[in-house]
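Colleague: Each chain, written out:
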Amino acid sequence: MNFDDTPQEAAFRAEAKAWISANAPKQYEEELRKSSLGRTVLKGANILEVAKAWQKKKADAGWACLHWPKEYGGRGSSPIERVIWQQEEGPFGKLSGMFIIGHGMCGPTMMAFAGEEQKRKYLPPLASGEKVWCQLFSEPAGGSDVAGLRTRAEKNGDDWIINGQKIWTSGAHYSDYGILLTRTDPNVAKHKGLTMFFLDMKSPGVEVRPIKQASGQSDFNEVYFTDVKIPDSQRLGTVNDGWNVSLTTLMNERMSIGAGVSTGFPELFDFCNSLMLEDGPAIEDRSVRSKLANYAVKASGLRYTSMRAISALSKGERPGPENSIGKLVAGSMVQEVAMYALDLQGAAGVLSGPEEAEVAGKFQAMLLRAPGTRVEGGTDEIMRNIIAERVLGLPGDIRVDKDVPFNKIPTKGRA
Amino acid sequence: MNFDFSDEQKQMRDEARKFLAEKCPPKAVREVLDGKAPYDKTLWKGLAEMGFLGVAIPEEFGGAGAGHLELCVIAEEMGRANAPVPFSSTVYLAAEALLLAGSDAQKQKWLPKIASGEAIGTLALFEGKGNPSPKAIKLQASGGTLSGVKKPVPDGAIADFAVVAARTGSTGRDSDISLFLVDLKTGGVEAKSLTNVDPTRGQAELTFKNAKAEPLGAAGDGWSILTQVLDRAAVLLAFEQVGGSDRALEMGRDYALDRIAFGRPIGSFQAVKHILADMYVSATLARSNCYYGAWALSTNASELPEAAAAARISATQAFQHCSKNNIQVHGGMGFTWEFDCHMYYRRANTTALTLGSLSYWEDQLIDRMRKKNAA
Ligand SMILES: Cc1cc2nc3c(=O)[nH]c(=O)nc-3n(C[C@H](O)[C@H](O)[C@H](O)COP(=O)(O)OP(=O)(O)OC[C@H]3O[C@@H](n4cnc5c(N)ncnc54)[C@H](O)[C@@H]3O)c2cc1C
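Chains as they are written, first to last, in full-length UniProt numbering: chain B, 1 to 415; chain D, 1 to 375.
Do not take every clue at face value.
[Said to hold, decoys possible] Here are the computed distance ranges between Cβ atoms for each label pair:
(1) B:P371 to D:Q270: 19 to 25 Å
(2) B:K17 to D:A301: 20 to 26 Å
(3) B:K17 to D:K45: 51 to 57 Å
(4) B:A348 to D:A301: 36 to 42 Å
(5) B:R390 to D:A301: 32 to 38 Å
Just so you know, these hints were derived from the structure itself, not from any lab. Using N, Cα and C, we set each Cβ at its ideal position, and we do this for glycine too.
Can you build the whole structure from these sequences, using the hints too?
Modeller: So, in structure tokens, the structure goes:
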């Protein structure tokens, strides 16, 4: 058991460190360091442009999507090298936020199911951030129950014609491409009639409408499809096998381990260290210390859980469902941390303006973003189901619609 | 980076698990629980023969000289089996104190006896309610003798020797405290068993009346040695707690698969599944914190104080969480004497207090994090 770099790892770290220090957009370092879940502000700059420029620079020098094969724009790195890179990239890594879905889910799905020529055409610009991708899975009728989706794809010669609506699509408003899960056969059970495609988001008939979120920001969208044409060559996997293709996508989400889920703890610790209460520094208060200690061991527990997972990865083991624990724990923790930080501010906790609020309203922004964190990528309840069923081996939920043809499944809870 | 135990260490864990499954089934634990014996003597002898008592004791002192990572994997199995033996008091507390501060002669005298199972040791620290603190130590040392009362002392009634924290100064500083070694069989000490929440882990009151004592470590170093002993024991005991958490989770899972209600295994009800998922989460977070503690302990890293506190808190929470919810999943059966659930519940809640309470360690953790931050 050790944390030491091997000579090879140490050499890689030194190289990465040197390159980052010579090339990173240092003018934004301080703002990025201070930014947290729900608040990434770069004064006087368009964050998408800054992020794209940094990603492009990395790609040109061979530092983008480290674990991807070189021919698809990556570096062919080992999982450990990826972690070392993340450690060295530090706050600049926060700029990759808008590429997470493309790099973490769409790319790997393309790698598994697209043709060789397509991979060479689409993957390098995805790796370099020149093209942004989104994931078009969720619908009003199917979120947790992804297979409940209704967007239709109908074959017409060599094309497919898409009609329907997606929702909660992160980044669709600035995306160039998307992976799309559709229904191709409503007469069979719901999991058996789905097909996956990728498409150009600028295709005629695609309409993106930003949704204003509870946090006040607009990061996700509704996407409408009206007679959108997708060539059959952009199908991923076989017809009606989309469910299995989507499982690859969802499984790849777990590969993002080590990316370090945000718990809010470092922010809270710093805050308690500096905040003055009536009787002195917050951190000297008995009850504050108790709360902090409880969050501290959750945060460290997650950190070392992910190190254990990385160690397993480096021995060639596959990431399993046990990695769902990161999202489950961090999601609700960040919400509790935000609430607690506001509580410590007392009456002034209601203020969120960067000028008047403590630490520029960081925790207020976190509070408003946190509910989404517990929902996106699978709700807390779905994560618990995954752990109970796939890790502990408990029986699956009873699925009353499992063998019912999709078009016979009831669509309203109360008649 | 390799944040895992080695294959040899895992093999040792399997060996210990197999041995304990055979020699320490719940029936054996119950002998002690029901008051038929103060501890399981046969098991104790067996542990010595397997070399488990001296795993981390150097060969020159009669041990196996394997190391602390190996001791961690044994500790986990001791916790999983709920072993009714004075392992933690002897191996984590007494032996660690000797290793840290003992003279060569003291080590030669006691460590081989620990490794061979001939001597049971303990640490006499507490004097009634409260948490570890120099101020709370009133027991007085003078002219090579000790006078005063210690309680609760883990396994105090069956111990052959004790490491005793005593007051040797009155400046109000930590340096007022010194440690002593007392052979409990030579007279001057009266031991009284105390009834406690977990009968499989005895607690006693030791009354010292001019008892002969020899210094352990330099005079005035007592508190600093104690702090180190507590940190080391915290990591080791945390592994026991993780072993117990895992066992409680397994018991709950197995019951949920077998018990039918409303025509279905109760494990198919989401409310039950989610209880078990949360048990898994707390046990996993604790395990990961413990691994970090094991690394810090085995390398004597400067991170040990912080890592030990984190492991201790996390493992205490996990064991309490898993053992109480294991009973819940078992329903009425879980609340019977006959089912094993309460043995883990008792152990979880007494282990939570033996090295200082949860709130004590919370305080320690934040102190240590602050110091590191300031440095
Ligand atoms: C910020 C954000 C970004 C997102 N980005 C994307 C994106 O880019 N692409 C995309 O495709 N989707 C995206 N989503 C959608 C997200 O995946 C879904 O919102 C999520 O899976 C939940 O589905 P739902 O909203 O339909 O809720 P529902 O499924 O309707 O759930 C409502 C409630 O019922 C519970 N529930 C449902 N089923 C079960 C069950 N079987 N057992 C127990 N409880 C259950 C849920 O836990 C929840 O509490 C995003 C969502 C958010 C909030």
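Colleague: Determine for every hint whether it applies to the structure shown.
Modeller: Here is what the structure says about each hint:
A beta carbon spacing of about 21 Å between B:P371 and D:Q270 agrees with the range 19 to 25 Å that was offered as a hint. Separated by about 23 Å at the C-beta atoms, B:K17 and D:A301 satisfy the suggested range of 20 to 26 Å. In this structure the hint that B:K17 and D:K45 lie 51 to 57 Å apart at CB holds, the actual value being about 56 Å. Distance hint for B:A348 and D:A301: a CB-CB separation of about 41 Å, consistent with the stated range 36 to 42 Å.
For B:R390 and D:A301, the Cβ-Cβ distance of about 35 Å falls inside the hinted range of 32 to 38 Å, so the restraint holds.
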